[in-house]
Amino acid sequence: MFDEKDLLIDARHVTRRFPTNDGRLLTACDDINLKFYKGKTLGLVGESGCGKSTFMRFLVWLDSPTEGEIFFHGKDITKMKGKELHDNRQHIQMVFQDPTTSFNPKMKIKEIVCEPLLNFNRISPSEVDAKARELLELVELPGDFADRFPHNMSGGQRQRVAIARAIALEPEFIVMDEATSALDVSVQKTVIELITRLQREKNIAIGFICHDLGLIESFAHQVAVMYLGNIVEVMPGEGLSNVCCHPYSKALLDSVFDTKMDFTQKIKSIKGEPPSPLDLPTGCPFHNRCPNCMDRCMKEKPKLVEIAPGHEVACHLFGK
Amino acid sequence: MSLLEIQNVDISYGKNLTVKNCSMSLEKGEICSIVGESGSGKTTVIRAVMGLLPGAGRVSAGNITYDGRDLLKLTPKEWRSLRGHDISMIFQDSGAMMNQTRLIGDSYVEYILTHEDLSKKDAWDKGVEVIERMRLPDGDRIMRSYPFQLSGGQRQRVGIAMGMTYQPKLLLADEPTSALDVTTQAQIVRQFMELRDEYGTSIIIVTHNLGVAAYMGDKIVVMKRGEVVDQGEREYILHQSENPYTKLLLDAVPTLGGKRYV
Amino acid sequence: MDTNKNKFLSNKGFVLFSVLALIVVLIAIFAPALAGGIDPTAGNLADAIMAPDSKHLFGTDKMGRDIYARVLYGARVSLASTFVLVLTVFVIGTALGVISGYFGGWVDTVIMRIADMMIAFPGLVLAIAVAGMLGASMRNAIIAIALVTWPKYARMARSLVLKIRHTDYVYAAIVTGSSTWRMLWKYMLPNTITTLVITAATDIGGMMMELAALSFLGFGAQPPTPEWGSMLNEGRDFMQSAPWLMVYPGLAIFITVVIFNMLGDNLRDILDPREE
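So the protein lines, in turn, are chains A, B and C. Under my numbering, residue 320 is the last one in the first sequence; the count climbs by one each step, no gaps. Under my numbering, residue 262 is the last one in the second sequence; the count climbs by one each step, no gaps. Under my numbering, residue 276 is the last one in the third sequence; the count climbs by one each step, no gaps.
Since the hints were derived computationally from the structure, they do not count as laboratory data. Even glycine gets a Cβ: it sits at the ideal position worked out from N, Cα and C. There may be inaccurate statements among the hints.
What the hints assert, rightly or not - According to the in silico footprint, chain C covers these stretches of chain A (three or more CB under 8 Å from chain C):
id, stretch
1, 85 to 91
2, 106 to 116
3, 196 to 203
Unchecked claim - Derived EDC-like pairs: lysine to aspartate or glutamate, alpha-carbon spacing no greater than 16 Å straight-line:
id, chain 1, residue 1, chain 2, residue 2
4, A, K106, C, D168
5, A, K268, A, D279
6, A, K268, B, E194
7, B, K259, A, E84
8, A, K271, B, D86
9, A, K266, B, D138
What the hints assert, rightly or not - Some chain C residues judged to face chain A by a derived CB distance under 8 Å, without partners named:
id, residue
10, D168
11, A173
12, V175
13, W185
14, P190
Kindly produce the complete structure, drawing on both the sequences and the hints.
Written out as structure tokens, the structure reads:
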């Protein structure tokens, strides 16, 4: 679906296990393989505890996987240390979910957005005022917000500041962890428009964590669905409601409430509860809740297999 | 006569008028969704109905009538007999409402005993029965659990069970699914619809999720900055209303197969 | 910044006790002049244990030394050693606590277990043991008390750091390339400073008492150094017959400790982080 020469980040067999106090292992990410392409948005969708945040944190070096490699421009970022790691931070940045906790309450907006630039000596302290205004204008905020404190602004304005901070270093890739979930719906729309505009203008790749399928369909080029630490499906963003086929993805889709949906249709809900990540079932992680569970599903874990350009599924119902 | 009537209600916190001239009504067996963004006052309204305005909040003008009774003139004693039996409330995080250091069963038994004179054993059995009636399997195991041992969705359903113990005629739900995953949200919404279908419970649901509001609501009330700016039947609000704010909200909600930005 | 100054100046207690504390410090600094040139270590046995009179305002001690001069010069010893002690535990405790809280892992474990070990000892007993091993002197008394007191500051600093360690904005600062030094200095430390300064200020009085106690027991200042605690010790045998040997140094300790305690209290009222 995308040109391989545009491959920016290539995650292979990434696994993360956490030892617990009683000696058991909690598997947060299980053999994840995912690719991010230049200037494109990949939406990572899943419910709480599926491991999407854990995985994305590897990309900004806030955590390291237990196994696996993540290649960025051909180099494995999980093995980077010291100066190499520090220098590479310029290329990958992050926007956090909650605009009320993303900023140091004691710092002014101009210090916040220019901090990355000062950290890498891209500007001198005397240039902070001017550069801050420039960045604020990029995110459609008035320049004189530079002297304000974060708590004097609305949620939407703060999230724009967070975006300004993230693009300050002109990174190639930005992780956005539910960047619009805490915003009112009308504000969310304007922030998504800003993000997509900046992406076009600066050719930034984005990894967008989201739980709202309707939202992610509207601006992601690709969507990956995660369940219990596994990627179960990767599909094109456009028209995903038509092509999506993994039973869990379809269950997610069925759970979406939409102002344009058919209101007479009864709600289909998945039975049961997700198993504990301390005690992963053998075979397919979804088998105990899947309406199409077969014998094979209980014993053999399905691999991600390409069934169409840009569309991979991990399910025994599809593929070879 | 409507089951619930809110007429020209003003709500103030001290000198601050936070809700102005709010009017709406609810019939028996009807579901009404109140939608709005932050600061719209929707939560304040629903708390006022329940008589649960915090601190210095009070209804400074207007009437709230339930089944012909003036809710603003009730004594605490009258409220005690009304709450739980006639009107119940479900909050965003039912888990936080429960005492984390006590078994759910103990909290539930205590709740039952404030409404009925039963032995502890009978109260426990009643709790198990209500939980299972709400389609939560293994009610006894749930009663024997601590709140943190259940998932967010299970806790919320236990909260609904507790609220429905005496099959109240009116259920007030304040953002009941906002803290939940989408699949759990679907389960809870289905549960609410069943409550209305099986018991004829009238429901007011406050939510910022327009999709849920549209699915559940027979009628929808749109609030902005403390005022009701639009209200009407679902069909009207979604397709016919010319109100600019309503249209702005509907346009901003992402829909499957809808507008794309890339 | 004006509002900050007003906060301090409008608290009458703070102003009062700051002035009194300043007076005590000035007394210490100008002790030689105030003592009228009398040498606090020089004494004539013939003049031993004389009641207060016009020549010796506070009388003389058992070695014939002028107690008034010794009380004045004693202020120097007591104040200087107390400030050194408080500053030392403040700096070391804060540094170790911030490092412990920020880095976590084995660094945290090692520092905190050592801190636990120190806390397990009754302070004065350990101080005596250390002073006994290293030899009795004011310097060793300071070291001994510092050893048992730093854990309190470290634990406090650590818990204040842990409160913010896992906030989004700290992670954001790391992701945007902030160096470890910057994280410690600009993010972690400012969050601990207010509470720790208040703790230090309110501890001055207590630390002074502990040093005096050690000197009283013979493990601190050694004769002929004038020090209020050791002066109390020297006057013990004469408590009934010549009470002035104990009364004046005792009063000096009492007044100074009260002044600094009240100063710390008022400082806490002004800076109370609970209101931040």
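Against the structure, the hints:
1. 85 to 91: Coverage by chain C holds for the stretch 85 to 91 of chain A (3 residues, Cβ < 8 Å).
2. 106 to 116: Result for this restraint: holds, n = 3.
3. 196 to 203: violated (count 0)
4. A:K106 x C:D168: holds (14 Å)
5. A:K268 x A:D279: Violated, because 27 Å separates the two Cα atoms, which is more than 16 Å.
6. A:K268 x B:E194: Holds. K268 (chain A) to E194 (chain B) sits at ~13 Å (cutoff 16 Å).
7. B:K259 x A:E84: Violated. K259 (chain B) to E84 (chain A) sits at ~42 Å, over the 16 Å cutoff.
8. A:K271 x B:D86: violated (32 Å)
9. A:K266 x B:D138: Violated - the C-alpha atoms of D138 (chain B) and K266 (chain A) are around 25 Å apart, more than 16 Å.
10. D168: holds (4 Å)
11. A173: At 7 Å from the nearest chain A Cβ, A173 (chain C) passes the 8 Å test, so the hint holds.
12. V175: For V175 (chain C), the interface hint holds, since the closest Cβ of chain A sits about 5 Å away, which is under 8 Å.
13. W185: Interface hint status for W185 (chain C): violated (13 Å vs cutoff 8 Å).
14. P190: holds (7 Å)
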